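**Q** Protein chains in written order, with the numbering used here: chain R, 1 to 540; chain W, 1001 to 1117.
Some clues are possibly wrong.
[To be verified] Below, a sample of chain R positions facing chain W; criterion: calculated Cβ distance under 8 angstroms:
| no. | residue |
| --- | --- |
| 1 | S59 |
| 2 | A105 |
| 3 | Y111 |
[As the list claims (entries may be wrong)] Residues of chain R placed beyond 12 angstroms of chain W at every Cβ, according to the derived structure:
| no. | residue |
| --- | --- |
| 4 | S5 |
| 5 | G79 |
| 6 | M107 |
| 7 | E524 |
Simulated from the structure, these hints should not be mistaken for lab results.
Keep in mind that this is a model prediction, so the values were computed, not measured.
For every residue, glycine included, the Cβ atom is placed at its ideal position computed from N, Cα and C.
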Amino acid sequence: MITESYRITGGNFEQAGSASSSLKERLKKLGVEPQDMRRVMIVAYEAEMNVVIHARKGSMWVTLNDGQINIEVKDEGPGIIDIDKAMTVGYSTAPAAARELGFGAGMGLPYIKRNSDLFKIESTVRRGTRIKSTVYLKLQDLPGPARNSLHVDGELCCECLHCLRACPTKAIRVREGKPQILEHLCIDCAACIAVCESGALSVECPDDFIRPSEDTVLIVPASFLVQFGVGISPGRVLKALNELGFKNVRIMEDWANAVHEAVIRFAEEETKVKPVLSPLCPAVVNLIELRFPSLIENLAPFLFPVQAAQNEFKGQDAVFIASCPGRHTALMPHALPAGGLSSNVKVMSPSGLFKAVLKLTAANGDQSDDPDRLARQTGWKHRQTGWKHRNPETILQASGAVHVANLLEKAENGILDDLHVLELFMCAQGCFGSPLMPEDPFVARHRWLNSGLKHNECAKAVRRKRPYQAREGFRLDADMSRAIMKLSRIDELMRRLPGKDCALCGAPTCGSLAEDIAIGRAKETACVYPGINEDKDKGK
Amino acid sequence: MKLNDIAGKIGASLLQPGKAAEVEIKRVFAGDKMSDLLSEASDTTLLVTNLVNTQLFRIAQIMDVPGICLLNNAAPKPELVNQAAKHGTAIMVSTVGMFETCGHLYQCLYGKAGSES
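Just chain R, with the same shape it has in the complex:
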């Protein structure tokens, strides 16, 4: 940990900003990334100017921890009478002298807040003000535009409405002949892709085969290796991948296993919370952040396996097979640890690789499938498989959207605290149930467990630095009184709508249609039932 402190003199506009510029020189030497530097400098400079403009004197303390910078600016000044007002854009009490220089626009505190990951302000009138700001250096899971990785091809949609009913968070509407995703509700599970008949819904990821270079690492999910039927064992698939030019192939489940072990240790040694929830499936974590915010403290603080893998191959050419939207999103730059997505990480859809492997294995069709020989050829050790459970009775694995939601509800109600660790997956049989993988999940998992390939013990779980954050989800209105009005409008609509949840209007349930109408996203005429629209208004 590095601590720096600077003194700030009030009223001295010539010297003002010198603390920030010394800090900048210092941070530059430490190799802080430019985009992080920007945020730190905006916070530091604005806070410093506040002291110069308003106070007699003050000080800035800056500590640099692993992955975050804390800036604390304390002054002896008049204090702030109304902090809420001071935080309002455009509100300023700066004197004329400061305004002449271009200060006093009332933007300082709002800008500080906007550029901080954590922000706190305390003030005592006639004593002084203290601002604490934290900027996370390694961008992890920043809520950003690429929150989900669903790709919608409206042209293909056949309006079968299956996705509407499948979505566990009611995040889809089919309007104007194509599915629309409500991004604030989408949790990046693959339920809609699984039921989509037309191919309109898929993962946002190129199909093209990526040609490997000499030292490209390929990270495949275990499920990929068991997709080729009885005749082509995982060992053969690995060999085919080698022949395609991927000399270094690693299996995603290695990191899943590492996270699994790390979470068990975490549950045994570091926390009293029960049950500890494993961050193995990104969609489950998203669901918790959206629907079960009270369980956020139960989530073990580790990066998703796919991110841990990315972290390990930082700076190397690495190709990931995106087996579900959640993993794809977890690889996006805003979600990644330690310097973000290195430009040499590429993501390929499974189908691109399927074709290549199929072609090759068909060409080599007559070869015998002696596992020992294959293991020798691919450099894979032939060992027992399966996760080592220390206390199998206190770990529960469950999969499938319905069961996940059930268990989370039970956990929220505190009736699962006989369990130490809860490992949940949105897809049936965990990642073997990804809808991008054609083989039946139960068959796939069975084949993998019997394949004789074992986890590579070198894979490591990585601690996450950014806390999990509750997601806002659906809100009727930011303004409370308008929200209440809309709520009564929904009640009124619910009395009139048929309650059959037929989804023909393009919303999954009558309840969702009522919400859509209340916030102006749909019209009452959307409902296909006759007579709904006229009757009851008169009746009242």
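Could you slot chain W onto chain R? The hints should help.
**A** Structure of chain W alone, referenced to chain R:
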């Protein structure tokens, strides 16, 4: 576009050009509020402003701004210009006001889209 070329095209003079004049400018931000200038500044942004004071040069320095365009033939103190040059910020002085300068800059960076009115 390089700062050099921009200055030539809009008829502004460069004080102490140095290395910064070779920097590629990707965007322009014009304003007179220090907070806005600070939050919009970047290492490829040209700032256009009526302000001429120590603090303006300070934010240019901490945000690695390659160039500042002053307006209406403003004459900054020589020590400020030197200080800016030392930190790699080129100072450009336009002969006209913010509206016209921005019009020229817009044409310069985005071609025909600038308006005549």
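**Q** Taking the hints in turn, state whether each one holds.
**A** Hints, verified against the model:
Annotation: S59 (chain R) was flagged as interfacial toward chain W, and the flag is violated, the nearest CB pair being 19 angstroms apart, outside 8 angstroms. The beta carbon of A105 (chain R) is positioned within 8 angstroms of a beta carbon in chain W (closest approach about 4 angstroms), and the interface hint is therefore held. Among the interface hints, the one on Y111 (chain R) holds; its C-beta lies about 5 angstroms from the nearest C-beta in chain W, closer than the 8 angstroms criterion. The Cβ of S5 (chain R) sits about 18 angstroms from the closest Cβ of chain W, beyond the 12 angstroms cut-off, so the non-interface label holds.
Non-interface call for G79 (chain R) relative to chain W: holds, since the shortest CB-CB distance, roughly 21 angstroms, exceeds 12 angstroms. Non-interface status of M107 (chain R) relative to chain W is broken: a Cβ of that chain comes within 12 angstroms, the nearest being about 4 angstroms off. Its beta-carbon lying about 43 angstroms from the closest one in chain W, E524 (chain R) satisfies the requirement of being farther than 12 angstroms from that chain.
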